[in-house]
Amino acid sequence: MSGADRTKAVLLLCAVIAVLFVLQFLLPEYHHLSMTRIMVLAVFAMGYNVLFGYTGLLSLGHAMFFAAGLYAAGLTVYHLEWSVPLAFATGVAAGAVSSLVIGVVALRTTGVSFMIVTMMFAQVAYLATLYFTTYTRGDEGLVLPTAARSFDVFGVAVDLTNPVVRYNIALALLAATIAIIYKVVHSETGRALIAIRENEPRTQMLGYNTFAIKLKALVISGTLSAASGAAYVLLFAYVGSTFATIQYSIDALLYTLLGGAGTLLGPLAGALMMFYVIDIASEYTVAYLLIAGLVLIVLVLFFQKGVLGTIRERWIRWLP
Amino acid sequence: MLKVENLNSFYGASQVLRDFSIDLAAGEVLCLLGRNGAGKTTALRSIMGLLRPRSGLVTLDGRELTSLPGHEVPKAGIGYVPQGRRLFSELTVAENLEIGLMCRGGGEEVRERVLQYFPRLSERLDQASGTLSGGEQQMLAMARALCVEPSVILLDEPTEGLQPSMISTIRDVLLQLRGDGVGILLVEQRVDAVRPVADRVAFVENGCVRETVGVAALTENPELLRKYVGVG
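For the record, the sequence lines run as chains R and C. All residue numbers in the first sequence are consecutive under this note's numbering, ending with 426. All residue numbers in the second sequence are consecutive under this note's numbering, ending with 500.
If you're looking for bench data, these hints aren't it; they were derived computationally from the structure. Backbone N, C-alpha and C define an ideal beta-carbon position, used for all residues, glycine too. Do not take every clue at face value.
Unchecked claim - Derived, one-sided and incomplete: chain C residues facing chain R with beta-carbon distance under 8 Å:
1. L319
2. L336
3. K343
4. Y348
5. R354
6. S357
7. E358
8. L359
9. E366
10. G375
11. R379
12. D394
13. R412
14. V416
15. S419
Said to hold, decoys possible - A few chain C residues that face chain R, going by a derived Cβ cut-off under 7 Å, partial list only:
16. G338
17. H339
18. P342
19. F356
20. G368
21. C371
22. L383
Bound conformation, chain R alone (with noise of 0.2 Å):
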């Protein structure tokens, strides 16, 4: 990518952030929320994304980094009385300790087998949440106290309970999102992993350790997921296991092929398309998982390479 190139890409992401922004002025209440809730679950997506869409790994686990997330900020909320900010951090890195150590084992496999062995962890996080129902209470979840959500910033109370609040602050873990993969993408290491994904064996030829490569995806991948799990139970107060369950990994799967994998805004576009897919068609039919997938059908044949993928491969050689 050209430097004029790189400058458009730059302005095109700081005005997707702009518009969102905008956004909350003029949607309704119930979009108001909606939006909040597909701004953190994209970054979920992103997260995937890395891994997946740059690097070339699909993982059919990473709900447990989402839950791994969410559980460590809210158990910690709920049970230690613990700050926001300081359940926030405990969440994010709850992610990328987790994520870590599941690589350093799953990385040892590829293909097929790495999507069944990080399935498998998955599963094995998923059935602890039911374990541990003392502290978890399995399905049913925990609800945060209200009088936990809020906390002072330099003396600034911060309610997570105003929808305005919530809203750019998801807003905000977006951007962040967005830099760090922009960042990471366009460093040495955003090479390596576009390298590893078109071809691994001739990455290693030419003096790549691609283990370490991977490993460092899946970590940062991991890490942003738990980052969104950790704002999802901080900013909507609830905590149960249904999360950690093999839909949610899915789900990220769907956002990111629908969005473009490989794609910086892929993510947040498949999250949003896949979020209004579903709630329009709830609306007419309790069948509406049924529509969601004949639209995905159409979009698919349509758009081999997801939505954004494909607009990159057709017209917008630089969308980022």
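Assemble the complex: chain R is given as a structure, and chain C must be docked to it using the hints.
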């Protein structure tokens, strides 16, 4: 410079290299000739550490490479251009070179030096490498291997599937590299591509080097080609 002694390599239970030994001096071109399945490519892969030999020794300027992990061998100074080029097809020419340069921290100076061997690539820096012609892709694969500033380069059938003008360009680059003191270990099937560039030829059969001769022997003794390659 590069010394390979008694390499024994296996694919599972099947032994492919048997006490394979060669040596290569700086600024020398040694060509491995042999029938399909003789073990030429396996020899290159074993030298690169991509296939771990069960026994034997590879040294470069006295430094033992056999115990190094595969990704450390290029950093030790050996470049490898595998058969079929294997570029990162979605990346541009410039990005492919950048990946080669990053390995040993080479900068703009190294890139310019490499591009002097392949001026045509300079005109295509922003083009996706998957859209280059076969000859240009081969040039890029060689350029990328040269980005690690190797003292020895291993080339696996670099002229395969190329038109005559491209073969001639590749040959000129090999001669330039030889003149610059780079040791070249070349695997080729085309004898006519070997004659103008090679100093010596090692005939490989059943995973071991049967005979090593000066390149003139190919013309003087056509029986060698009939015996080891089945042509001539």
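Hint by hint, here is what the structure shows:
no.: 1; hint: L319; verdict: violated (11 Å)
no.: 2; hint: L336; verdict: violated (11 Å)
no.: 3; hint: K343; verdict: holds (5 Å)
no.: 4; hint: Y348; verdict: holds (5 Å)
no.: 5; hint: R354; verdict: holds (4 Å)
no.: 6; hint: S357; verdict: holds (7 Å)
no.: 7; hint: E358; verdict: holds (6 Å)
no.: 8; hint: L359; verdict: holds (6 Å)
no.: 9; hint: E366; verdict: holds (6 Å)
no.: 10; hint: G375; verdict: violated (12 Å)
no.: 11; hint: R379; verdict: violated (14 Å)
no.: 12; hint: D394; verdict: holds (6 Å)
no.: 13; hint: R412; verdict: holds (7 Å)
no.: 14; hint: V416; verdict: holds (6 Å)
no.: 15; hint: S419; verdict: violated (14 Å)
no.: 16; hint: G338; verdict: holds (5 Å)
no.: 17; hint: H339; verdict: holds (5 Å)
no.: 18; hint: P342; verdict: holds (4 Å)
no.: 19; hint: F356; verdict: holds (4 Å)
no.: 20; hint: G368; verdict: holds (6 Å)
no.: 21; hint: C371; verdict: holds (4 Å)
no.: 22; hint: L383; verdict: violated (17 Å)
Comparing the model with each earlier hint shows violations of hints 1, 2, 10, 11, 15, 22; every other hint is respected.
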